[in-house]
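Residue strings, one per chain:
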Amino acid sequence: MNKFAPLLLISGLAAAGALACFAVHPDDQAASRVERGKYIVTSFGCADCHTPLKLGPNGPERDLAMNFAGHPASLELPPAPTLPPGPWNVSAAGTMTAWSGPWGTSFTANLTPDDETGIGKWSEAQFLETVRSGRHLGRGRAILPPMPIEPLANLNDSDLGAVYAYLHSLPPISNRVPQPIPPAE
Amino acid sequence: MLLTVPALVAATTASTERAGVPKRLADTGLYANFAELQVAADNLPFSPQYPLWSDGATKRRWIHLPPGTAIDASDVDAWRFPIGTKLWKEFAFGRRVETRYMELGANGEWTYATYVWNEDGRDSVLAPERGVRGLLELAPGVRHDIPSVSDCRACHQGAPTAVLGFGALQLSSDRDPSAPHADGAKGGELELDALVRRGLLRGLPDAFVEHAPRIAASNPRERAALGYLHGNCGHCHNARGPLADLGLALDYPLGEARGAPALLTTLGVASKFRSSAHANDVRIAANDPDHSVLARRMASRKPLLQMPPLGTQIADDEGLALVRGWIASDLAPLSSGASMHSPIPDLDPLAKGRRP
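Protein chains in written order, with our numbering: chain A, 1 to 185; chain B, 1001 to 1356.
Quick caveat, the hints were computed from the structure, so don't treat them as lab data. Beta carbons: idealized from backbone N, C-alpha and C, even for Gly. Heads up, some of the hints might be wrong.
Claimed, not checked - Simulated restraints, written as ranges between beta carbons of each label pair:
| id | chain 1 | residue 1 | chain 2 | residue 2 | range |
| --- | --- | --- | --- | --- | --- |
| 1 | B | R1197 | A | S158 | 43 to 51 Å |
| 2 | B | I1314 | A | P85 | 26 to 34 Å |
| 3 | B | D1174 | A | G45 | 51 to 59 Å |
| 4 | B | I1314 | A | N67 | 49 to 57 Å |
| 5 | A | P78 | B | R1122 | 54 to 62 Å |
| 6 | B | R1122 | A | S43 | 48 to 56 Å |
| 7 | A | G86 | B | G1141 | 20 to 28 Å |
| 8 | A | G86 | B | R1122 | 41 to 49 Å |
Stated by the list, open to error - Output of the computed footprint for chain A on chain B, the stretches with three or more beta carbons under 8 Å from beta carbons of chain A:
| id | region |
| --- | --- |
| 9 | 1149–1155 |
| 10 | 1217–1226 |
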């Protein structure tokens, strides 16, 4: 027997013990993923458009009852204003959830995990495909302005998966956002 | 901005994500002699009987299977291709414009690439990963785009198999004479029976060996319409791909015994695409193509409405006329009291509950 074998065995056991001490519990990994996602979502300012603003005593404030639920379905808007020719060609509703420009009128999406009106039934792969392709569900119509899809697509799969995990940790809110409206002929 | 061939090469060279992808079509193995455009003998030409509409492009297609390998067709609607399979599709608008290429790597992943031909047709170089917008004018104000790799994935990874237009129905020798834009299998082109006979296709259920696959329909127009939807829509809208949760299947799976999903999931079924002007429209309303969302979106080329959402800038008048005629004349309305939702629960994945 190799004279160093007992030493190696002891070293191995010690290393295994150390690893066990530092092993990350699956629940902690999931929590860490959600925390990472929250950090990214907060830093990207996703709530700026996906949580509607309402007018409070101190001015516009986020309507937390609609946290990440997108444009409120209950808020029916008149047609977007017709702007004179020139560079001022974008309008936004005061909620910051409806935008009109040369592409038509777009409404910010419900990012909560509601099964019927949000992303509850989306798989993580579908979420990644949507961001990577810039297309709805990875293969439909283009994601519209003002969604900054390109910088988001710059995130790696791990970070995008964390964003998905965080969004799926939010309370689901039933809010069916309208379809975008094409520009007038 | 239009890129010249040298600019395309420069853009490609600068891209680190295209590592391992040949920079020139000549290096993909399609041609035995590129200078004379002589296709290698082991690259086999084929034509699907229900071709995808590509704004009127003339297309040619080839497949290469590594020597000694065969396609596994035991799942008749999801053929499994051997590692090393290569496919090419050439697009011409008066002249060769692009050749699209896909190859199945040893890791089981498909690589997608597009090669752009220069105007004199003497060279074809790898397009940038992001594609090329507006390369060629097709009509006043309408220009042809070279797809991005992401666009390639959007279509090719929406079905149970990444190879589109090369399946049992598409290669059947029982060709549909009413299929729009089909130019028929030319002499020497692969068809299903030849694939089996040559040992290139194994495991095909006996029923499809004994009888060439054919769409079951009440009349020739319905056969062609269902085939058109299979070839143009079914690669995304099917019950086995990532969009299965939509409960909209427009493919024609030969393994499905209950009838055409394109009828079962559309006729009188409420559309999930809702707009204030058409809030109550259904996917297909029998006898009423104007209130059928499917026909309306086929007719549109507004980016927010059009179907397919990519790969085409010009509506397909012939295909649209076929589908509208089928809706207008060949479909019986739902009986009163029938469900306005997917009538076959098993075909509506939403009825199966949440995705695991």
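Status of the hints after comparison with the structure:
{"no.": "1", "hint": "B/R1197 <-> A/S158: 43 to 51 Å", "verdict": "holds, 49 Å"}
{"no.": "2", "hint": "B/I1314 <-> A/P85: 26 to 34 Å", "verdict": "holds, 29 Å"}
{"no.": "3", "hint": "B/D1174 <-> A/G45: 51 to 59 Å", "verdict": "holds, 58 Å"}
{"no.": "4", "hint": "B/I1314 <-> A/N67: 49 to 57 Å", "verdict": "violated, 43 Å"}
{"no.": "5", "hint": "A/P78 <-> B/R1122: 54 to 62 Å", "verdict": "holds, 58 Å"}
{"no.": "6", "hint": "B/R1122 <-> A/S43: 48 to 56 Å", "verdict": "holds, 50 Å"}
{"no.": "7", "hint": "A/G86 <-> B/G1141: 20 to 28 Å", "verdict": "holds, 23 Å"}
{"no.": "8", "hint": "A/G86 <-> B/R1122: 41 to 49 Å", "verdict": "holds, 46 Å"}
{"no.": "9", "hint": "1149–1155", "verdict": "holds (count 5)"}
{"no.": "10", "hint": "1217–1226", "verdict": "violated (count 0)"}
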